[in-house]
Amino acid sequence: MKENKNNEELKEEVQESKEVSENKDMVPKQDYDELDDRYKRILAEFENFKKRSSKEREGLYNSVLSDIVEVILPILDNLENAAKVETEDENYKQGVELVLKQFKDVLKSKGIEEIEAVGSTFDPELHEAVGSIQDDNLGEKEIAQEYRKGYKIGSKVIRHSMVVVAN
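When we follow the numbering used here, the leftmost residue of the sequence shown carries the number 2, and every step to the right adds one.
If you're looking for bench data, these hints aren't it; they were derived computationally from the structure. Fair warning: there could be bad hints in the mix.
[Said to hold, decoys possible] Subject to a maximum C-alpha distance of 27 Å in a straight line, what follows is the list of computed BS3-like cross-link-like pairs (lysine-lysine):
id, residue 1, residue 2
1, Lys94, Lys150
2, Lys41, Lys30
3, Lys102, Lys41
4, Lys150, Lys51
Just so we're clear, the structure is a prediction, and the values are computed from it rather than from any experiment.
Please model the entire structure based on the sequences and the hints provided.
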């Protein structure tokens with residue numbers, strides 16, 4: 002008798018599982034809406050994650066690049082000074098100028114720009130004032146001289162310009 006009862010219970014369970022499997026495609030609207038909303042939220046979170054990761058990678062790249070360039074900038078300063086020196090050997094002078102141009106082209110190709118100084122208005126975010134002069138021909142807070150060029154990558158300053166400010 003127990004076997005018959007167990008067989009009947011098994012038959013009932015099999016029948017119930019068949020009914021459930023036949024109705025599995027029929028999901029209640031409320032459950033569907035919840036799943037759809039959950040899917041959309043997860044998709045939006047993933048898109049935000051991708052954007053955030055991309056910005057972090059770009060920021061890290063710019064940070065590493067600016068650290069490297071900051072170390073190399075004194076060499077660029079020396080090349081600029083060498084190009085300004087008068088010499089009788091024109092081939093030597095041309096060689097230095099070509100190396101300087103190549104150096105600047107490489108920096109430009111990596112998104113590194115010189116900060117405008119002489120003739121522009123002093124901006125403490127971009128310039129470092131090392132002196133001031135009185136000059137009636139120049140406007141207030143106008144940069145009169147530049148001692149050392151400044152550079153930036155995007156909006157990040159690698160090195161501030163050292164300048165003399167008028168008035």
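- Regarding the pair lysine 94 and lysine 150, is the alpha-carbon distance no greater than 27 Å? holds (21 Å)
- Task: With a cut-off of 27 Å on the C-alpha distance, tell me whether lysine 41 and lysine 30 pass.
- Result: holds (16 Å)
- Query: Quick one, are lysine 150 and lysine 51 close enough, alpha carbons at most 27 Å?
  - Reply: Violated - the C-alpha atoms of lysine 51 and lysine 150 are around 37 Å apart, more than 27 Å.
- Item | 27 Å limit on alpha-carbon distance, applied to hinted pair lysine 102 and lysine 41 | violated (52 Å)
Violated hints for the displayed structure, listed by number in ascending order: 3, 4.
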